[in-house]
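Could you build all of it, start to finish, from the sequences and the hints given here?
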Amino acid sequence: MHVELDEPKCVASGQCVLAAPEVFDQRDEDGIAFVLDEQPAGDTLDAVREAVAICPAAAIRLVQR
Amino acid sequence: MNRIVVVGASAAGLAAAETLRREGYDGTLTLVGDEPHTPYDRPPLSKQVLSAEWAPDRVTLRAPIELDSLGLELRLGVAAGGLDVANRTVRLADGSAVPYDGLIVATGVRPRRLPGEGAHVLRTLDDALTLRERLGPGQRLVVVGAGFLGAEAAAVAWRLGAQVTLLEPAPVPLAHAVGEEVGRVLARAHLERGVDLRTGVTVTEVTEDGVRLADGAEIEADEVLVAIGSLPNTEWLADSGLTVGDGVVCDEYCEAARGVYAAGDVARWYNPLFGVSMRIEHRTNAAEQGMAAARNLLDPGARKSFAPVPYFWSDQYEMKIQAYGYLRGHEEARVVEGELEQGRFVVGYRRGERLSGVLAVGMPPRVMRGWRQAIAVGAGWGEAVG
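Protein sequences appear in the order of chains Y and S.
Numbers given in our numbering equal positions in the first sequence, counted from 1, plus 1.
Numbers given in our numbering equal positions in the second sequence, counted from 1, plus 1012.
Just so you know, these hints were derived from the structure itself, not from any lab.
Heads up, the beta-carbon is just placed ideally off N, CA and C, and yes, glycines get one too.
Hints are supplied without guarantee of correctness; some may be wrong.
[What the hints assert, rightly or not] With the Cβ distance kept under 7 Å, some of the chain Y side facing chain S (calculated, not the full set):
id, residue
1, Val12
2, Gly15
3, Asp29
4, Ala42
5, Thr45
6, Ala48
7, Ala54
8, Ile55
9, Ala59
[Said to hold, decoys possible] Label pairs and their calculated CB-CB ranges:
id, chain 1, residue 1, chain 2, residue 2, range
10, Y, Val64, S, Leu1243, 45 to 51 Å
11, Y, Met2, S, Thr1214, 50 to 56 Å
12, Y, Leu37, S, Pro1149, 40 to 46 Å
[Unchecked claim] Rough simulated footprint, nothing fancy, chain Y against chain S, three-plus residues with beta-carbon under 8 Å:
id, segment
13, 1026-1035
14, 1295-1301
15, 1389-1398
This is the structure in C-alpha cells:
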C-alpha cells in the first residue's frame, strides 16, 4: 500500500503526525504535512489507517499501485 | 451484533461506519443521511467552496469505490424521524423502520435562524453553492454573527470584492470563546481590510431589504448570511427515552443508552481529561468521536473513555488560527509565546489551576505539539506557562 497525500487539501492540523509519527511530519514554515515513508507495513500501516480516518481534511489516502 | 445503524452521514457517521468495518464487523451496516449527497467535508464550505477555488466535488470525503467497499446500506436523502429504544428500531421520515442491535447517533447540528425570509445560512454544500452564486464585486453582504463561521465567510466575501458588513452582538467578537485579547486581534483583521465590523449590534430580523436591528434601524443588503450558531438535531429523539439536553447526553464512553452511542456535533459527553461535559462542533472531533463510539459499541468489554484534546482551526484572511484543548469557560488567557501585534503568538488558557487550552497563530508545528502534549497530560498552569 502506498501513502498518498493531497497537499493542497492539507490544513496543517498535524493529526497525522500524532497518529503515525514514523510516516508523517509537518513543514516548519506552514505546518503542511509531508510523507516520510510511502510504503509503510505492519503496525505502521495500521497507524496510517488511523491517520487516514482522523485527518480532518480527508487529505490522506492509502492506495494499491 | 448483526445489525448496526448509523444515523448521520457526515464526518462522524462516516468515521463510525469505516471504523466498524476496519474493526471486523461484517453484519448489516445501514448509514442514514438526510442530505442527498454522499458524505462530504464541511470546513471547506466557508473557505475554498465559497471562494470557488474548489469545484464542489472536491469536498467529497470518499470516492464511490471506497464507499462501495464498506458494504453499506446507504439511505441518503431521508431523515430519521424517530427512535424506539425498547424495540431497537429507527423510524425514518419516509415511513420505513430500520431495526438495529447497535446504534450510533451522529445527526449533527443545524444553523440557528432569525425571523424573516430570504437569508442564507451556511451548513450544507447546497447552502455554500447558493451563497457563492450571489457573491461578487460590489455586492453588499451583511453577515450576522462574527463567530468563526461568520468571520470566515466575511473574509472570503471580502476577497471576492463584496462590500461586507459584519454584525456582532458582543462588544468583542469571540471573546467568550478565545478571550478578549485574541478577539480584538480577530476584529482588527476585519477592520484593517475595510470589512465594516460593528460590535454591540443585535439583529432582530431579516427584512426584504436587509436586516433590522434591535434599536429599530435597518441595514440594507443584497444578501444576508446568518451565522449565529447551531442547534443539535435531536428532535427526532423526543420520546425515545434518551436524555437530550443541548445534545444527546452520553457518558465518558459516548454511550447514551445500552447499545446506543452518539458522536460528532450532536453528542454531549463527559470528557474525563477536562472533567466536564462538553459538546464540540469541530471537524476533528467528529472523526475521533465517530471512531471511539464505533469501537466501544463493538467491544463494550474493552471500552475506553473518550478523552481527547479537542482541536480546531480557522482560516481568516491570511491568518491560520489553531487551537488545542477546551477554551470555553476559561478563567484567564495569557500570551505565552510570541506577540499578538506581530501576528505570531500562542495564548494559553487557564481553567482552575490547569492549562486547559492554547490558541496560536503563525507558530511552527513542533511548538504546537509541545503545547498539546502539556494539555494532554493535564499540566498545571504554573509549570506550563512558567
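Here is how each hint holds up against the structure:
Interface hint status for Y/Val12: upheld, as the beta-carbon distance to the closest one in chain S is roughly 6 Å, under 7 Å. About 5 Å separates the beta-carbon of Y/Gly15 from the nearest beta-carbon of chain S, less than 7 Å, and the hint is met. Residue-level restraint check for Y/Asp29 holds (minimum Cβ-Cβ distance to chain S is 5 Å; threshold 7 Å). With a cut of 7 Å, the hint placing Y/Ala42 at the interface with chain S is violated, because the nearest CB-to-CB distance is about 17 Å.
Checking Y/Thr45 against chain S: minimum C-beta separation of about 16 Å lies over 7 Å; hint violated. A least Cβ separation of about 13 Å between Y/Ala48 and chain S goes past the 7 Å threshold, and the interface hint is therefore violated. Interface restraint check for Y/Ala54: the shortest CB-CB distance to chain S comes to about 6 Å, inside 7 Å, so the restraint holds. With a least beta-carbon distance of about 5 Å to chain S, the hint placing Y/Ile55 at the interface is held under the 7 Å criterion.
Among the interface hints, the one on Y/Ala59 holds; its C-beta lies about 5 Å from the nearest C-beta in chain S, closer than the 7 Å criterion. The hint said 45 to 51 Å for the Cβ distance between Y/Val64 and S/Leu1243, and at roughly 39 Å that hint is violated. A C-beta distance of roughly 54 Å is found between Y/Met2 and S/Thr1214, which places it inside the suggested range of 50 to 56 Å. Here the CB-CB span from Y/Leu37 to S/Pro1149 is close to 44 Å, well matched to the stated 40 to 46 Å.
Proximity of the segment 1026-1035 of chain S to chain Y, defined as three or more residues with a beta carbon under 8 Å from a beta carbon of that chain, is established by the 4 residues found. Only residues whose C-beta sits within less than 8 Å of a C-beta in chain Y count toward coverage, and the segment 1295-1301 of chain S has 4 of them, enough to reach three; the restraint holds. Interface restraint, the segment 1389-1398 of chain S with chain Y: violated (0 residues with C-beta to C-beta distance below 8 Å; minimum three).
The earlier numbered hints that this structure contradicts are 4, 5, 6, 10, 15.
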